[in-house]
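Visitor: Here is how the chains run, residue by residue.
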Amino acid sequence: AQSVTQLDSQVPVFEEAPVELRCNYSSSVSVYLFWYVQYPNQGLQLLLKYLSGSTLVESINGFEAEFNKSQTSFHLRKPSVHISDTAEYFCAVKPGGFKTIFGAGTRLFVKA
Amino acid sequence: EAGVTQFPSHSVIEKGQTVTLRCDPISGHDNLYWYRRVMGKEIKFLLHFVKESKQDESGMPNNRFLAERTGGTYSTLKVQPAELEDSGVYFCASSPVSSYNEQFFGPGTRLTVL
Chain H
1 AQSVTQLDSQ
11 VPVFEEAPVE
21 LRCNYSSSVS
31 VYLFWYVQYP
41 NQGLQLLLKY
51 LSGSTLVESI
61 NGFEAEFNKS
71 QTSFHLRKPS
81 VHISDTAEYF
91 CAVKPGGFKT
101 IFGAGTRLFV
111 KA
Chain R
1 EAGVTQFPSH
11 SVIEKGQTVT
21 LRCDPISGHD
31 NLYWYRRVMG
41 KEIKFLLHFV
51 KESKQDESGM
61 PNNRFLAERT
71 GGTYSTLKVQ
81 PAELEDSGVY
91 FCASSPVSSY
101 NEQFFGPGTR
111 LTVL
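Protein chains in written order, with my numbering: chain H, 1 to 112; chain R, 1 to 114.
Hints are computed from structural coordinates only; laboratory data are not their basis. You can trust all of the hints, since none of them are fake.
Think about it this way: if two alpha-carbon atoms lie no more than 25 Å apart in a straight line, the pair counts; the simulated DMTMM-like pairs of lysine to aspartate or glutamate are:
#, chain 1, residue 1, chain 2, residue 2
1, R, Lys78, R, Glu14
2, R, Lys41, H, Glu88
3, R, Lys44, H, Glu88
4, R, Lys78, R, Glu68
5, H, Lys49, R, Glu102
6, R, Lys41, R, Glu57
7, H, Lys99, R, Asp30
8, H, Lys99, R, Glu102
Working from the sequences, and respecting the hints, build out all of it.
Guide: Structure representation (structure tokens):
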């Protein structure tokens, strides 16, 4: 069965520091990969996605993620975080079909 | 363009009562999904509609949950009778036929069963 593991439940970091949120998945088939973000009191928003092509994908607000097939990972990174990046981040996979499988989420706390 | 909307945003009910959650997908999206997040755990798939037809309801916990999508527009998820373990955040999402890989999520309904 497919599953997604987010290795850190909470990540505290100081403003302007780099951050990496780790995500590993298990799947026996090719997958599509996603990172969603949920800001306080808001819904889930798609941050970035990997469907095919370049293994490095970027978002409009400076996040990037790299698909590593051999390590079955899709870690999310940002070189310099802002207070406004404080949110919960969800890694997700679609192994085919319509069902999306989510990780348990990582709470990112950015401190001044 | 309006996004996916859900009503209510919060609901607090007592065990044994009935609650109905509503989801309005993005106009023109044939695919509609329900997900649930319980106790800070992972978000889990409940079911998927294509228009008014249920395509996959493998994630529905038990027969106390009933989902409908009248006329292929909005959808309702009824819990009857509610139990304590039903507490959580219920998310709805929709996607068009042309790009079903990206699902657009609503803000969720936070359900608390006392």
